[in-house]
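Let the sequences and hints guide you as you build the complete structure.
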Amino acid sequence: MSDLEEFRNEVGTTGSVCVKGGGTRWDVGGEVGQGVRVVSAPSGIDAYDPAEMTVLVGAGTTLTALAEVLAEHRQEVALAGPVGSTVGGALAVGWNSIRRQRVGFARDALLQAECVGADGKRFKAGGPTVKNASGYELCRLLVGSLGTLALMGRVILRTTPIPEWSLWLRGSVTPADVVKSCYRPASILWDGSYSHVCLEGYEADVQREASALIDSGMVKVQGPPSLPPHRNRLTGDLPEGAILDVAIGVAHCPEAAAIQCVDPAVKCIADRMKANFDPHRRLNPNRDPYSVPA
Amino acid sequence: MVHKMPSGTDELIADLADAIGAGRVTAGGAAREIYGRDSSIIEGGHSGPVCFPESTRQIAECVRVAVAHGRDFVPRGAGTGLSGGAVPCNDPVVISTTRMNRILEVDVERRIAWVEPGVINLDLSRHLAGTGLHFAPDPSSQQACTIGGNLANNSGGPHCLAYGVTSEHVAAIEVVLSDASTVLLGAEVGDAVGYDLRGAFVGGEGTLGIAARIAVRLTPDPPVVRTLLLDFQSLVDAAETVTGIIAAGIVPAALEMMDRNTVEAVENFVEAGYPRDAEAVLIVELDGLEEGVTHEIKIVKRVGNENGVGTVRVAADDVERELIWKGRRNAFGAIAHIKPGYYLHDTVVPRTRLAEVVAKVNEAVERHDLIVANVFHAGDGNLHPLMAFDPREPGVMERVYAASEEIVRIAIEAGGVLSGEHGIGLEKRGFMPLLYSPDDLSAQRALRDAFDPVGHANPLKMFPTGSSCGDVMHLAEVPEGVWV
Ligand SMILES: Cc1cc2nc3c(=O)[nH]c(=O)nc-3n(C[C@H](O)[C@H](O)[C@H](O)COP(=O)(O)OP(=O)(O)OC[C@H]3O[C@@H](n4cnc5c(N)ncnc54)[C@H](O)[C@@H]3O)c2cc1C
Chain A
0 MSDLEEFRNE VGTTGSVCVK GGGTRWDVGG EVGQGVRVVS APSGIDAYDP AEMTVLVGAG
60 TTLTALAEVL AEHRQEVALA GPVGSTVGGA LAVGWNSIRR QRVGFARDAL LQAECVGADG
120 KRFKAGGPTV KNASGYELCR LLVGSLGTLA LMGRVILRTT PIPEWSLWLR GSVTPADVVK
180 SCYRPASILW DGSYSHVCLE GYEADVQREA SALIDSGMVK VQGPPSLPPH RNRLTGDLPE
240 GAILDVAIGV AHCPEAAAIQ CVDPAVKCIA DRMKANFDPH RRLNPNRDPY SVPA
Chain B
0 MVHKMPSGTD ELIADLADAI GAGRVTAGGA AREIYGRDSS IIEGGHSGPV CFPESTRQIA
60 ECVRVAVAHG RDFVPRGAGT GLSGGAVPCN DPVVISTTRM NRILEVDVER RIAWVEPGVI
120 NLDLSRHLAG TGLHFAPDPS SQQACTIGGN LANNSGGPHC LAYGVTSEHV AAIEVVLSDA
180 STVLLGAEVG DAVGYDLRGA FVGGEGTLGI AARIAVRLTP DPPVVRTLLL DFQSLVDAAE
240 TVTGIIAAGI VPAALEMMDR NTVEAVENFV EAGYPRDAEA VLIVELDGLE EGVTHEIKIV
300 KRVGNENGVG TVRVAADDVE RELIWKGRRN AFGAIAHIKP GYYLHDTVVP RTRLAEVVAK
360 VNEAVERHDL IVANVFHAGD GNLHPLMAFD PREPGVMERV YAASEEIVRI AIEAGGVLSG
420 EHGIGLEKRG FMPLLYSPDD LSAQRALRDA FDPVGHANPL KMFPTGSSCG DVMHLAEVPE
480 GVWV
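Each protein sequence line maps, in turn, to chains A and B. 60 is the number that numbering that gives the first Met the number 0 gives to position 61 of the first sequence; each next residue is one higher, with no gaps. 326 is the number that numbering that gives the first Met the number 0 gives to position 327 of the second sequence; each next residue is one higher, with no gaps.
Hints are computed from structural coordinates only; laboratory data are not their basis. Ideal Cβ placement from N, Cα and C applies to all residues, glycine included. Some clues are possibly wrong.
Only pairs whose alpha carbons sit at most 20 angstroms apart, straight line, appear in this in silico EDC-like list of lysine to aspartate or glutamate [to be verified]:
1. B:Lys297 <-> A:Glu163
2. A:Lys179 <-> B:Glu278
3. B:Lys297 <-> A:Glu202
4. B:Lys359 <-> B:Glu278
A few chain B residues that don't get close to chain A, going by computed Cβ distances all over 12 angstroms [said to hold, decoys possible]:
5. Thr8
6. Thr165
7. Arg275
Here's what the structure looks like:
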């Protein structure tokens with residue numbers, strides 16, 4: 000069992016503290032700065048019932064370790080991240096999988112989070128079941144919050160079935176035309192000239208939809224194209240060398256975009272949120288979920 | 000008798016009328032009576048003036064005037080809520096969205112629709128007919144409930160098993176906060192930068208502000224849909240079938256269960272063709288592409304056979320499919336015909352423990368000498384025990400409350416939660432400490448206070464308090480045109 004008491008003690012009640020997962024996206028939202036105590040969340044899979052389609056896992060568990068266990072029962076979670084990234088890190092960053100249309104949003108994957116708050120007390124957000132309308136949607140608030148509101152120790156995630164068949168195609172058919180000829184493709188990426196499409200489901204269905212795209216000139220490829228390092232929200236034209244994830248409007252770009260001004264009305268709620276959860280700004284100091292390229 | 004309004008109400012009404020027009024404000028006894036309750040069994044609400052704004056600006060004006068007079072405000076959609084979320088406490092200004100029922104824009108290519116909050120759920124789907132798209136959340140009250148209400152309660156429905164509850168289908172929300180300012184949360188495509196305030200707002204039961212315009216995501220219609228009806232001689236077998244289907248890696252579009260009492264009531268009411276001798280029936284809807292659906296039908300049949308299914312009927316055509324769903328849709332009304340009063344409960348348990356929990360719930364309710372029927376979203380473990388009784392019987396309400404408390408405790412002991420889709424409102428706020436520690440509740444309080452630091456947005460809901468508002472419960476009628 001993940002030791003949440005130990006994690007709570009590590010976080011303590013005073014001093015700046017940050018939680019480090021795999022460190023694969025450590026600079027998102029800004030560096031935490033010098034003199035900040037680094038703690039790590041417990042790791043390990045504490046309970047997994049495939050028939051329930053939920054898994055209880057320490058936030059420090061790597062996505063790879065989790066994926067291996069889930070794959071034995073042909074299941075997966077909607078979280079995505081580079082090799083080495085952890086469940087807690089993936090949730091804190093909140094990036095969606097490029098297969099979002101199949102697996103769902105990262106923010107919908109978190110059912111329950113056992114956290115340590117800025118006051119050093121443990122609290123629980125959400126609940127263990129796949130459906131829950133008991134109280135406020137704290138889990139959604141935590142996903143993408145970069146650990147600035149609370150530190151997640153252990154979580155319950157929703158799992159989804161891994162499809163029987165999956166294949167990638169590439170060709171000059173536009174995303175709009177792909178959508179017209181396929182029912183819910185798992186992914187559509189657009190590089191300005193070509194669509195990169197992932198079809199998933201039962202083999203015969205996938206093959207049938209694929210052959211229609213092949214007839215329009217697309218070809219089967221090994222997998223998705225390699226994505227440039229910076230994630231920017233697409234505002235105008237697609238920059239040179241960028242690849243657009245059509246479903247979520249994120250452009251993977253060679254260069255980071257400028258940080259946009261946030262609507263002051265939104266920032267006002269966000270600032271109150273931060274002040275209510277972490278009045279002394281001890282959790283992941285200097286890190287700001289609004290200070291990301293957009 | 001209509002409760003007397005507190006002093007200063009005349010000035011409040013005059014200011015509201017000045018701000019949004021006299022024709023959009025009412026404070027008559029009849030209106031306050033109607034708006035003093037919702038579809039829950041909660042009574043004892045006291046409404047102040049009721050406003051019918053027609054724009055975001057007018058909503059903001061209502062909020063501004065209410066707060067300037069030191070009054071709370073309560074957003075209200077169609078009033079079909081079952082947990083008392085829209086029941087007004089302490090003479091607040093009730094802000095009804097019923098005149099904001101326009102579908103503002105449908106972008107078929109981007110699969111987004113902007114709607115006003117008072118749009119009736121089913122009206123949007125009807126409006127979308129022919130576009131190949133639909134709005135996935137389908138609460139059983141969809142003929143009457145509003146999209147603003149769906150958003151505020153994060154409502155579900157039979158097809159939310161595969162497609163997700165309302166939150167997954169809300170892209171962006173224009174919100175009026177309690178300081179009368181307006182803010183846009185979320186983004187039409189993907190995630191907005193920063194905290195997911197959109198996600199935090201959904202399910203806020205009107206305590207965080209008022210949704211004034213909503214961008215909903217539209218879902219493509221599945222090319223193939225097949226509906227199956229399975230009957231069982233034991234509820235345990237039906238529940239095992241549910242577990243087996245999910246364990247086989249299938250997430251059906253819908254997976255609904257009805258027990259013997261429900262089947263009997265439905266057959267007497269609408270003759271949906273359910274086998275009357277069954278202890279339980281399952282409706283399984285599979286959708287997607289042809290091969291996959293055909294394959295999944297085989298698996299469902301196999302799992303059913305392994306668990307002693309009687310017959311597996313695959314609806315041959317739309318007429319038969321519609322009949323199967325007609326029974327399900329009319330289940331609530333049918334049961335409500337058995338006795339003059341009913342109380343529909345809503346809890347969620349791990350789906351692998353369904354059979355055991357339903358047995359315990361039935362035992363508890365029957366021990367209190369009440370009739371119980373179960374018709375529920377089995378696929379996600381969302382139970383809806385429906386108690387039927389005659390409220391004129393002396394002492395019956397005490398038995399109803401005692402049984403409902405037991406139901407909640409049984410669900411929590413089984414690793415479940417208080418509500419799957421009806422929300423907490425006034426109905427279950429007293430039970431929150433069963434599920435959450437004081438520190439858990441403080442975190443929820445931190446979220447609420449960030450949206451509404453002055454505490455004027457629909458207060459007294461969700462959190463346990465000593466307030467007496469709404470603790471007088473009585474029975475609700477089945478709203479016209481509504482089904483479960
Ligand atoms: C017969 C029957 C069947 C039902 N079946 C289902 C079901 O299958 N699934 C399900 O999930 N629910 C079901 N319900 C419950 C109910 O219909 C839903 O909760 C519905 O979403 C409420 O919508 P409404 O417009 O009636 O909201 P109301 O009852 O008017 O309000 C509900 C809550 O939302 C708030 N609210 C309303 N509009 C706004 C807004 N614009 N901004 C902010 N807050 C707002 C209110 O303050 C209140 O707290 C059923 C109810 C009945 C009577």
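(message) Does threonine 8 (chain B) clear chain A by more than 12 angstroms, comparing its Cβ with all Cβ atoms of that chain?
(response) holds (31 angstroms)
(request) Decide if the proposed pair is consistent with the structure: lysine 297 (chain B) and glutamate 202 (chain A), CA atoms, cutoff 20 angstroms inclusive. (result) holds (16 angstroms)
(message) For a C-alpha distance cap of 20 angstroms, please report whether lysine 179 (chain A) and glutamate 278 (chain B) respect it.
(response) violated (44 angstroms)
(message) Hint check: lysine 359 (chain B) vs glutamate 278 (chain B), CA-CA at most 20 angstroms. Holds or violated?
(response) holds (16 angstroms)
(request) Find the nearest Cβ of chain A to the Cβ of threonine 165 (chain B) and say whether that gap is larger than 12 angstroms. (result) At about 10 angstroms from chain A, threonine 165 (chain B) fails to clear the 12 angstroms cut-off, so the statement is violated.
(message) Just want to verify: arginine 275 (chain B) was marked as not at the interface with chain A; is every Cβ pair farther apart than 12 angstroms?
(response) Fine: 30 angstroms to the nearest Cβ keeps arginine 275 (chain B) off the interface.
(request) Assess, step by step, whether the Cα of lysine 297 (chain B) is no farther than 20 angstroms from the Cα of glutamate 163 (chain A), and give holds or violated. (result) Roughly 16 angstroms between the alpha carbons, so the hint for lysine 297 (chain B) and glutamate 163 (chain A) holds.
Hint compliance for this structure: hints 2 and 6 are broken, all remaining hints hold.
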